[in-house]
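Asker: Chains as they are written, first to last, in the UniProt record's numbering: chain B, 1 to 560; chain V, 1 to 222.
No lab work stands behind these hints, which were simulated from the structure alone. Cβ atoms here follow ideal geometry from the backbone N, Cα and C, with glycine treated the same way. You may find that some hints are simply not true.
[As the list claims (entries may be wrong)] Here are the in silico distance ranges between beta carbons for each label pair:
#, chain 1, residue 1, chain 2, residue 2, range
1, V, V59, B, L532, 29 to 39 Å
2, B, V515, V, S132, 15 to 25 Å
3, V, W215, B, L535, 37 to 47 Å
4, B, L532, V, R186, 24 to 34 Å
[Claimed, not checked] Take a look, some chain B residues computed to stay more than 10 Å from chain V by CB distance:
#, residue
5, K302
6, V347
7, L359
8, I424
9, E505
10, V515
11, R531
12, V541
13, H544
14, T545
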Amino acid sequence: MKYLVKTALAAGIIALLSGPVFASEEATPAVASPPEGPRSITAPGESTADHSKFKKLQQEFTSGPEVTQACISCHTEASDQVMHSIHFKWEFEHPETGQVLGKSKVINAFCGNVVGNEARCTSCHAGYGWTDMNQPPPQQETAVDCLVCHDRSGQYTKTATGAGHPPLQNVKPGTKTITGADAWPVDLAKAAQSVGLPGRDNCGSCHFYGGGGDNVKHGDLSSALYMPSRDVDVHMSPDGGNFTCSTCHVSEKHQWSGSRYAVNAVDPHHDKPLKPGERRDVATCESCHSETPHPANIMGMKLNDHTDKVACQTCHIPAFARGGVATKTFWDWSTAGKMDENGKPLVLHDYTQSDGQELHTYLATKGDFEWGEDVKPYYAWFDGQVRYTLGGDKIDPSKPVDVNQIKGDPNDGSSRIWPFKKMIGKQAYDTKLDHLVYTHVWGPTTDTAFWTNYDWGKAIEAGMKAAGVEYSGEFGFVDTHMYWPITHMVAPADEAVKCGMCHSENGRLEGMAGVFLPGTDSMNWTGILGRLIVLAALAGVLLHTAIRIFAGKKGDDTHG
Amino acid sequence: MAKRCVKVYPRFERLWHWSQVVLIVVLMFTGFGINGLHHTLHFGPAVMLHTIAALALLVLWIFATFWLFTTGTWRQFIPSMEGMMQVALFYAWGVFQGKKHPYKKVLLRKHNPLQAATYFGLKWFVFPAIWSTGLLYLTYNWWGASVSEPSFALWVVANLHLLSAYVIAAFVIVHVYLLTVGHGFRAHVRPMVTGYDEVELTAEEEAYLAADEPWRLKPQKS
């Protein structure tokens, strides 16, 4: 109980200190009213329990951990299970490469790193009060946030800068939620009594907003998937399968199938298609659709011939960032820090999203941006293994640095041509030691945070110190590439990529090594030789005709 | 010796020929579309049409082969050097001087030696090359995994298929052109439509046909 009071206090202090998170965005400070209901509709569950009837939940809760305490009084193992999941640990030891990855470790091409920016980044932690990445997440069993995944009232949320805590009473005007909305006071009892299996909105409130905003990071995960139309996502659309995330990302003991660090590019281990929700350990298309998903007709057979080389996603996700929400495709940190004529941080909004919303293209806090909607993916061979360029890894600054490297080999049998979002960036690195640096960007009260002080030198030094990585004290900016496997926003079959989009000169897979693609090169040597043969025949015929005309004879005209 | 109007192309052979014409035209058009030579068709439908036409042509060829061997017509296609030079010289020289075609159609040889040699080459080399590579192309996934460099193997198969197609295209051009030489286009096409052509018959042949295959002889206008 002592811990509960402490965390509640800590949450309050953090909320007070945090201030507006999108400080550079011109927002009118406001306290919103809570949403009426969840942003996605799920099928009625088959639960035999109505949590609103539980006496234990009919009380005034004053903090998130208090609700968790009530949950685990019945669900005795839940907290322990969650604490062993990547959602809580933010750490992942890669089984192939041995690299220790996870949000607590990696550097990305977006906001950079969690360490040094904790309370802001850990606002999306599936727990409460993780304020230091150098420590493991809080180990009290009440530190798990049950509601962020299980609330079905739609009004549970987390404060953008609250290290995982929800906004409660007396929300300070200007406070934001993790989705960037104006915060409202969460009614914890209402949330606790509403619990059920997660809807798309539960997962989406964090995963759709990675990188600091709607669809910024992934490209194929955006608020468009709360209630998508069929053509945006055939599985998740209420007019289609109305899948929740966990329909594919099947869980066992709060561990989910489907990892971005160690992707199962294929699932050839069974020959029978599985039904949605049926037990399996991986979340691939093939898990449900098998390796021969097309009908057994002449077209279907030819399409099935592709599955040994081409991932399902490559044809069935013709573009990402569909459904009216743009994704960031370019982020140049090196230009950050410009002030306008009044000495205020410069902000530009020069990208108009298809819904008319103006998106920022320059922020003094973050630099220059480019956005894209309906973006054609980048394609590459991929066996599912991803290696990261971590803080201590040597880089070659003379060329673009791959923040993550996707592994694949056309001839290994398990690689497929996959679609990716290719994020192009320019980010800070140590010019003497040649490695990417950790930056301390968020910290409203520190004199080192970049978003508060606009001083890279201090921000990098503080970030490196927080990460405990050696830093020479000299920095520059290097071009970076980062690859995000695209696997959501599957279009209906008739909107899949058409054959000719790849089977053509300058097609989508132009230059792809290790695969023979008919229709892409009619002017190869055989094509030239063939044309010469035909031209020779034509020339011969024309010459013969000419001589016949010139000689005035049709030839053997005795028979007419 | 008498010149008689004899049925040289029975109904099946004419059906075979004209079905083959239609299918080869479809195959050429779709095939060169798939290859990227022209863009009048979408790739997917072109592949489907190409596959269906190819399978139809293979079925036709199976029937034709059966017919050739059961009827003995295959002998018509055995190449022979006899008279080859004269025919070649005619096309190269004589035709310009209005000379007569040196080859006289006889009952057992409806093709001139150059024709027979060409068809021999087509039937024994070019057609087998195109259908075997076509079948390999179509069934790539059945054998791809068992070769060491599947993409290279498929590249070889595809290029041989394409080269054969160009050779056939050249054949079609010359074949159609040669119809205009000699008796004239209409006269040359007519036998493949009606089945009848003028053939020099020996007295024995004429007597045999009159007695045993009277339907092959057109009654003489007298």
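Asker: So which hints don't hold here, by number, going up?
Answerer: The structure conflicts with hints 5, 9, 10, 11, 12, 13 and 14, although it agrees with all the remaining ones.
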